[in-house]
Every structure is written in structure tokens, then in C-alpha cells.
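Undergrad: Build the full structure now, drawing on both the sequences and the hints.
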Amino acid sequence: MKLLLGSFLRAAAYSLHPKVVLLSLLPLLIGVVLALGLGWLYWEPAVAAVRATLEGWQLVDAGLKWVEALAGNSFRAVLAPLIVVGLAAPVIAVLSVLLVAWLMTPAIVNLVASRRFLGLERKRGAGLVGSLFTALGCALLALLALLISMPLWFIPPLVLVLPPLIWGWLNYRVMSYDVLAAHASADERRTLMRAHRLPLLSIGVFSGLLGAAPSLLWAASALTLVFAPLLVAVSVWLYTLVFGFSALWFAHYGLAALAALRSEAAAGSAMLARPARSARSATTGEVIDLAAPANLAALPPPSSPNHTA
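For what it's worth, my numbering labels the leading residue of the sequence shown as 1, then goes sequentially.
Don't take every hint at face value.
To be verified - In silico SDA-like links for lysine to any residue, alpha-carbon gap of 20 angstroms or less: (1) K2 / R194; (2) K2 / A13; (3) K19 / I30; (4) K123 / N110.
Stated by the list, open to error - Cβ-Cβ distance ranges computed for the label pairs, FRET-style: (5) E264 / P45: 54 to 64 angstroms; (6) A270 / R190: 17 to 27 angstroms; (7) M271 / L143: 43 to 53 angstroms.
Hints were generated in silico from the structure; no laboratory data involved.
Ideal Cβ placement from N, Cα and C applies to all residues, glycine included.
TA: As C-alpha cells, then:
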């Protein structure tokens, strides 16, 4: 718990470092360009497809007519864009995690290592290809989990719990791998991720809960759809800040845990290598020197008690 809290405080302090602030600009720029570009190309076709799907389901159409009788005729026009935004928000969150992992995390790990763990050996247990495949595989699993759990989002409490948990798991898997990729060997990384699974998962889930804040911007009012391009940029910026802080937290925790693991291993090896100088006989109580010369024949024979000079 002490390591978890200490890493959190250090990550909060490092978030204000000028280098970290500059590093966050590149994922932000790429994320905003991708989100706005995809929105420009596919917004209207996506809204039209959702509206046609809703109208094609007789049960849903009957429900919409009932809601329109209570809320007004504008509800049907607003529902389809809201559904598109709801489907796009998890994709933007996953995209932000990947951009931060690829563009920010290596530099953040180098920053933390140079300031706190300068003597920590880099064993390079994972490379760029392994990191890429791990991130893409976990991202696909996260998107699949989001898709499967989507019907449960219509239950008000679960919509605030399930997506953050899935983003937290994704954050935990990707960030834990990346922050240890350069310094830990493959065995050390697996050992640390197994021994510290609960604290690392807690960091990921906490970051996922923080990452749910940008989604609340869209839920504020239907009028937010008018400012959709601006809110997309703000959402990507908030996601970048949250997951950048998460990368700092994982880096401080992971490198500190790795340094402790190596210190324990070195202490154990030194204890095993220390020669035993003497031992006491269990039967006679006589002290036997275990480091005595191996060539006992070279020693002078003991004098006999009956020997007379």
C-alpha cells in the first residue's frame, strides 16, 4: 500500500513536468485529427444507419412513438446521434490508451528511470514488436468486451461501471507490459505482473474511472451535439491527460517493484554464497573448522599422550 500511494503522489508531481506536458501534445494532435477526420467522413452515414435500424425494428419504433408522445417529436431526431456518440466514446478511449502507450510511455519510463533509477540495469525483455502485438490484442479484447456488454449499458448504474472496468483492464495490461519492457527480463516481468497483479489492476481501474469523465460531457445535454467537434477535441485531451498520468503511475510503481525484486534476489544470492567458517559437532560439541585445508596429510601428526621425550 505504501508503494502504491507513494507512486501515486510521484506520478501526480511528475504530471506537471514540462517534458510530460510536451509529450502529451503529440497523442493529442493525432487523436484529434483521427477523431475529427473519421467524424467528417462517417458521421452522417452512421447517424442515418442507426436511424434506419431503429425504425426497422417494430418494437423499438413503437417505443419511440410512445416516448415522443411524452417528450416531444424532437426525441427521435436526437436519439440516433446520441447512440453514435455512445458507440464512438469507447473507441476514442481505447485509441487514446494506445496512442499514450506508443508515443508517451517509453519517454515517460526513460524520464522516471533517469531521475530515480539511474543504476537499474536494462535487460530488454520485450521489444517493439511484442509491445505492439500485446497492445493490439488487448485492445481487440477490450472492444469485444465493450460490444458484448453494451446491452447492459441501458441499466443506469452499470453504464458508469462496466466501461471504466474494461478500460482499466486494458490500461493495466498495456501499461504494465510497456513500463517493464526495457528494464525487466521476460521472467522478471511475468513475476512482477503475477506478484503485483492486484495493485497494478487497481491503478488501471482507477485510471479507467478517471477516464469516464470525458463521457460525462456528452451526457450533459442533447445540446452538446451542436458542439460535437469541440467536445471530441476536449474528450481526446482529457483522455490523454488521464492515461498519461496513468503511465507515470505505472512507471513509478513498476520500476520501484523491479528494483526491490532485484535487491531481494541479490541479498539471497549473497547469503547463499557466503562460506560457512565453522560448525559445532552435534555429538561432542567440538567446533569443526569447515574451511580447514583439504590436504590433511600435510599437517603434523598429533602427539601421543604416552609419548615421552
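Undergrad: With reference to the structure, classify each hint as holding or not holding.
TA: Here is how each hint holds up against the structure:
Taking the CA atoms of K2 and R194, the gap is about 19 angstroms. The hint holds against a cut of 20 angstroms. Simply put, K2 and A13 have alpha-carbon atoms about 17 angstroms apart, close enough for the 20 angstroms limit, and the pair holds. The straight-line distance between the Cα atoms of K19 and I30 is roughly 18 angstroms, inside the 20 angstroms bound, and the hint therefore holds. Restraint check for K123 and N110: the C-alpha separation of about 14 angstroms stays at or below 20 angstroms, so the hint holds.
Against the hinted window of 54 to 64 angstroms, the Cβ-Cβ separation of E264 and P45 comes to about 58 angstroms, which satisfies the hint. Taking 17 to 27 angstroms as the suggested C-beta distance range, the pair A270 and R190 conforms, at roughly 24 angstroms. Range check, M271 to L143: about 49 angstroms between beta-carbon atoms, so the 43 to 53 angstroms window is met.
Consistency with the previously given hints is maintained throughout, with no hint failing.
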